[in-house]
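> Per the numbering used here, the sequence shown starts with residue 1, numbered consecutively.
With a cut-off of at most 30 Å between alpha-carbon atoms, the simulated DSSO-like pairs for lysine-lysine come out as follows:
#  : residue 1 : residue 2
1  : K47       : K85
2  : K46       : K85
3  : K46       : K33
4  : K33       : K12
5  : K85       : K12
6  : K25       : K46
7  : K128      : K33
8  : K33       : K47
9  : K85       : K33
10 : K47       : K25
11 : K25       : K128
12 : K25       : K12
13 : K12       : K46
14 : K25       : K85
15 : K12       : K47
16 : K128      : K12
Just the calculated beta-carbon pair ranges, DEER-fashion:
#  : residue 1 : residue 2 : range
17 : S48       : D93       : 22 to 28 Å
18 : K46       : G138      : 37 to 43 Å
19 : L98       : M133      : 31 to 37 Å
Hints are computed from structural coordinates only; laboratory data are not their basis.
None of the values given here were measured: they were computed from a predicted structure.
By construction, the Cβ of each residue, glycine as well, lies at the ideal position given by its N, Cα and C atoms.
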Amino acid sequence: MERALQFLRQHKEVTLATCEGNLPKLRMFQIMKQEGNLLYFATSEKKSVWHELLNNPNVEILAYADNVSVRCTGMVNFNVEEDIKRWIYDNNDVLSRLYTDYDQMVYFCLPIAEMDYYDLSPTPPIFKHFDLMTGDVGDGFVGDRFKK
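Model the full assembly from the supplied sequences, consistent with the hints where possible.
Below, the structure is given as structure tokens:
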């Protein structure tokens, strides 16, 4: 599991999937901060993504690079502490170019509930599934049925 979490630390640009009604919506997001299996993000309450998250907090993210992908699912949480909000704003140069103060943004976090790690480089490719809610780990090869 640490390999998958390390991959997310090194590849902060992810695709975030939300739902608008019953239709999926994908957009690029950046992981602003990571504390173990807790990922933090920032956006504007003027953006449709914020309203989608309020209506349905279930999301999926996907990071991909060099034949490796990590997919995470969970339910976002909007209770982000002030010191974390300030840290995110102060440590991301893009945010300060878009907003004049940290409190002009809205913040949310994703406690990872489930995570899949795929590495297509070796033969056979590697697949690992982590259920962080139950602690179950499954592994196998791409193309195999999931094994516990």
